[in-house]
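Enquirer: So the sequence lines, in the order shown, correspond to chains A and B.
Our numbering applies: residue 1 is where the first sequence begins, and numbers increase by one.
Our numbering applies: residue 1001 is where the second sequence begins, and numbers increase by one.
Each hint should be verified, as a subset may be incorrect.
Said to hold, decoys possible - Within a straight-line C-alpha distance of at most 25 Å, the following computed DSS-like cross-link-like pairs (lysine-lysine) qualify: (1) 592(A) <-> 1611(B); (2) 1469(B) <-> 230(A); (3) 1621(B) <-> 469(A); (4) 591(A) <-> 1621(B); (5) 1611(B) <-> 611(A); (6) 563(A) <-> 1611(B); (7) 1047(B) <-> 621(A); (8) 1047(B) <-> 1469(B); (9) 1621(B) <-> 592(A); (10) 469(A) <-> 1047(B); (11) 1386(B) <-> 1143(B); (12) 1469(B) <-> 212(A); (13) 611(A) <-> 1047(B); (14) 132(A) <-> 10(A).
Stated by the list, open to error - Here are the simulated distance ranges between beta carbons: (15) 1006(B) <-> 236(A): 29 to 39 Å; (16) 1588(B) <-> 561(A): 49 to 59 Å; (17) 236(A) <-> 1559(B): 57 to 67 Å; (18) 464(A) <-> 1044(B): 22 to 32 Å.
These are calculated hints, taken from the structure and not from any lab test.
Quick reminder that beta carbons are idealized off the backbone N, C-alpha and C, glycines included.
There are 2 protein chains.
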Amino acid sequence: MYGFKDKILKVDLAGRVCKVEAPGERFYRRFLGGRGLGLHYLLKGLKPEVDPLGPENILVFATGVTTGAPLPGFSRYSVVAKSPLTGGFGEAEAGGFWGPELKFAGFDAVVVEGSSRSPVYLWIHDGEAEIKDASGFWGQRTKETQEAIRRDVGEPLARIASIGPAGERLVRFACVLNELKYANGRGGLGAVMGSKRLKAVAVRGHGRPEFKDPDRVRDLAKWFAESFVKHPGAVSRGRFGTAEMVLPLNADGILPTRNFIRGTFDDAEEISGENMRNTITVDTEGCYACPIRCKRVVRGLEPYSTDPDYGGPEYETIGAFGSLCEVGDISAVSYANQLCNAYGMDTISAGCAVAFAMECFENGAIRKRDAGGLDLKFGNAEAMVKLTEMIATREGLGDILAEGVMRASEKIGRGAERYALHVKGKEIPMHEPRGKTGLALQYALSASGADHMQAAHDPAFERSVESIKPLGVLDTVGRLSLGPEKARLVKYLSLWWLLLDCLDVCKFTIAPHGVGVWRVNHLPEIVGAVTGWDTSLLELMLASERSVNMARVFNGRCGFTAKDDRIPQRFFEPLESGTRQGAKISEEELKKAIETTYSMMGWRQETGEPKQAKIEELDLKEYA
Amino acid sequence: MYGFKDKILKVDLAGRVCKVEAPGERFYRRFLGGRGLGLHYLLKGLKPEVDPLGPENILVFATGVTTGAPLPGFSRYSVVAKSPLTGGFGEAEAGGFWGPELKFAGFDAVVVEGSSRSPVYLWIHDGEAEIKDASGFWGQRTKETQEAIRRDVGEPLARIASIGPAGERLVRFACVLNELKYANGRGGLGAVMGSKRLKAVAVRGHGRPEFKDPDRVRDLAKWFAESFVKHPGAVSRGRFGTAEMVLPLNADGILPTRNFIRGTFDDAEEISGENMRNTITVDTEGCYACPIRCKRVVRGLEPYSTDPDYGGPEYETIGAFGSLCEVGDISAVSYANQLCNAYGMDTISAGCAVAFAMECFENGAIRKRDAGGLDLKFGNAEAMVKLTEMIATREGLGDILAEGVMRASEKIGRGAERYALHVKGKEIPMHEPRGKTGLALQYALSASGADHMQAAHDPAFERSVESIKPLGVLDTVGRLSLGPEKARLVKYLSLWWLLLDCLDVCKFTIAPHGVGVWRVNHLPEIVGAVTGWDTSLLELMLASERSVNMARVFNGRCGFTAKDDRIPQRFFEPLESGTRQGAKISEEELKKAIETTYSMMGWRQETGEPKQAKIEELDLKEYA
């Protein structure tokens, strides 16, 4: 086997049994890994009515067939389960070092079933797997957990994917982290670990995956190394991190601000990548085999001094705790980021929950006494930080917000639903659909709720589609269009980006992302060099489409219908500031675009589920 | 411009005007050439109700963007028009030397409109085009025509695509031939030339297409040269030609015999490639840049002595005049082949017309006196040869058969419809769907009527799908299945084979054909090396799908509906001999498979036309 190990570790936490499955090459070729592989286990094993936080949920950690190749960007892994936040398909990818290490330890994926009575962690090393006691560090934050487990297994280089106290307390947007900063952020998969009393999965291995054409893999690595230094997007990302997006988005009037009421933030400069670099950044970091080093290492300034080990805030985090809450203090944002990484919470949902609470507060839906005395006005950095911690510890108002804005707004009442911005229960990421309408369509259609990494962003394709011509998109498309040409763009781009989630490839490193050094056509070439398969972009895109339809089938079972493919009312209302002031999504145009996309995807208009012929075309009858 | 010239020659025969259009790179990238390019001109220029044999029909000669590359198999060209045989989309490809020569002469395609009062031919040479008088050789057979035109233009190396007397006489299955033997055979496009009084298109040029990556093109040519000699299928094809199929198909019980009543022929040995090689074959030939040399040069034995310049019979011709008529005399078959090439008729339709007449005769629907005294029993070689000539000259019964079996059966009456085997008016090729059911589905669905080169043949995929895995087909499919897995196979294989008709690539030289030396993934690589486009198999398959849907739109305009997607009743009845005796297609299963394929293709169940979303996905609104 080249690329993959043909070993899936199946862990029954209730029975404390580990066993190994070898599904064979066809399985890997059909699913490629990641979300596709995970969906297979969810569809085969999960009863639809299962409580995501009950013992019957299934949690999968999966790599792709190319994970662990010494190529920049090929180092991620997926965690999937039924999401406690959406009640449907939950997925989250993370970079770092854990994914490759799992493969070096001899496994492609870990499927966790059941739940343990007492806290445990998994220790997977060189083909072996053990369920070990975690009682000693239950309740601890991620850093202490990581240190304790490394001591416990006597392996300082073990890679630890763990939860923090937020996951243990079943915060519905708790995340999984490796190396304290690479997060499988979204959808509350850390709460699923918490509900299973699984504190961490520690991995260490000395085996390296074999490649069919190691010379070609080496040449490709060399090509990347020589190319990225000449690539302006990659160089800039290395210098400023993802925070480099703050100022251009603000100038473009689509920096999410004041819980998406505004598109510009007066203090954008303060939370920009440029300012970060000049003030709190002390170093940069990157994932396995990647020289771009897009991660920041920061030390916040007093009173928000932070521990560099927890990393620095990404653009999404800066948007959520910064402009969305109108907090113009990069140290406060970094502190909130550290809280999230230490307690194990998704920074997007956490920041959105705070901004939601602030808008409730400004409109009287939450009163000061409901907020434990916090003055939850937009712009109050101290209140933002405090409320973030209260969510992590489920204290007071934090306990309500820990359920996510959808559930919180129902509990709060008083018109709070109007301020709860989410798709399928998942909070909106820091990308404003009113200035790039493809995002509205893609937010609505995503099986796992609002996700900014499932279809590329429109403005780029108004200027040029050169990088995505191999995907069959030959003509530029206006960023504000919602016509059939936009539906087509979203169809092919979302299949492409979700392909990257099957292979667990970093979306920054590859086209059409502005940082992308790899071109679209590198992907089939790399898959071929690694696995030896005579594959093609067509075959890979069909595998992605398979996973997209499996997610639809899964959601259908969980009770989702076409009416859940929608975006919050706010986006049908005008933006209140900036160069795009007055911009709004046409509800009618979006409805029509959704219908068109359904039809292009082969989905039923009534339910949003795949039609029989699509199921048959993708050979999914065993799941439908 | 690499690969293509961005020059389309537009000829108005009525006004005697030639002009040149430069549609630009996007046009070539969307259509690639061949059938796709031709469909653009038909959809833009043709009124739906136009008589295919009237002056308003449009006739396009088109190459692909890779035509003329010095690579085996990249030498074909398409002729398209509204077909006088089907009344819908008509297309036929041919190899030889004409296609590359057109490009060397500076044009990618020729679009012919209107009709001339007196016979003319086109003379296209090194960027120039002239409409020249052909009165002097109107009425002449192809060989005399070719010689006369070469003398007339003073260019012995001019390549001539011409019609013969059959085209002039509007035989509805008249063909176009270059070098007297490479035929754009099917659908009666020679009759369209005849109706326009266009005797020939002569081309000669000294320009060579430029390639973006000439070194890569050279390396690919070298790779093929080194590979084909080691490839058993290619070697065997060079030794025996397409006639090598006779004996294996006979052994398999699917050699079309006695007008598709039987699947085995007692005299198969006599008409086999092996026997041809031992008796009448005097040399072999091949197309531009191709070393396989699959064409036969034969000299028939008395009383059927033939002129080697007309080439030897292909498998299809041997099936049609041989086993289908139960004529076990390879020289008689070769003589009929020569008649077809000299008079310019499609050998498949001509042979089928004779076999149809024989079955009518055996059943009393045609009497001896209707047949000019011929004893039209199956197996009568002399009668077969004579009737073939009568069709070419439209003499007696031949005049009726020259209309094709569908129209002839209506004229003959007396139950003759039962013996008229056709799809959409086009006679069935020499491949028996009762032993490979995918063919039944593909015959029914083809926009241009029964065609054996629009989806590959099933038995190969019962054994292995290795060669088509890049097309996303990962599992073997039983040859007799008509389930959804067969619909999927037919969908992807027909898109693949029709892609080859956009690029005008020889289907023998590339996978999945048994002779194929090129693999599927060579195609995007070659297109990229030639054009410089960063393309992919996905993009190319979408271009093919574009052409497939354009053909559907065209047929819809011509009045075709879902009910025309059907096969003759005979195939629902049992085969009467051989190892597959009793085999039949289930009418119900086929109906279901057609419905499934419609749905997989995004076509309306009621009409078979593309749904709005498919039109939009492929950006075809301007045609729909």
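Enquirer: Now look at each hint and say whether the structure bears it out.
Expert: Now for the hints, and whether the structure bears them out:
| no. | hint | verdict |
| --- | --- | --- |
| 1 | 592(A) <-> 1611(B) | 15 Å, holds |
| 2 | 1469(B) <-> 230(A) | 36 Å, violated |
| 3 | 1621(B) <-> 469(A) | 20 Å, holds |
| 4 | 591(A) <-> 1621(B) | 20 Å, holds |
| 5 | 1611(B) <-> 611(A) | 15 Å, holds |
| 6 | 563(A) <-> 1611(B) | 23 Å, holds |
| 7 | 1047(B) <-> 621(A) | 44 Å, violated |
| 8 | 1047(B) <-> 1469(B) | 41 Å, violated |
| 9 | 1621(B) <-> 592(A) | 17 Å, holds |
| 10 | 469(A) <-> 1047(B) | 33 Å, violated |
| 11 | 1386(B) <-> 1143(B) | 20 Å, holds |
| 12 | 1469(B) <-> 212(A) | 17 Å, holds |
| 13 | 611(A) <-> 1047(B) | 36 Å, violated |
| 14 | 132(A) <-> 10(A) | 15 Å, holds |
| 15 | 1006(B) <-> 236(A): 29 to 39 Å | 38 Å, holds |
| 16 | 1588(B) <-> 561(A): 49 to 59 Å | 33 Å, violated |
| 17 | 236(A) <-> 1559(B): 57 to 67 Å | 59 Å, holds |
| 18 | 464(A) <-> 1044(B): 22 to 32 Å | 28 Å, holds |
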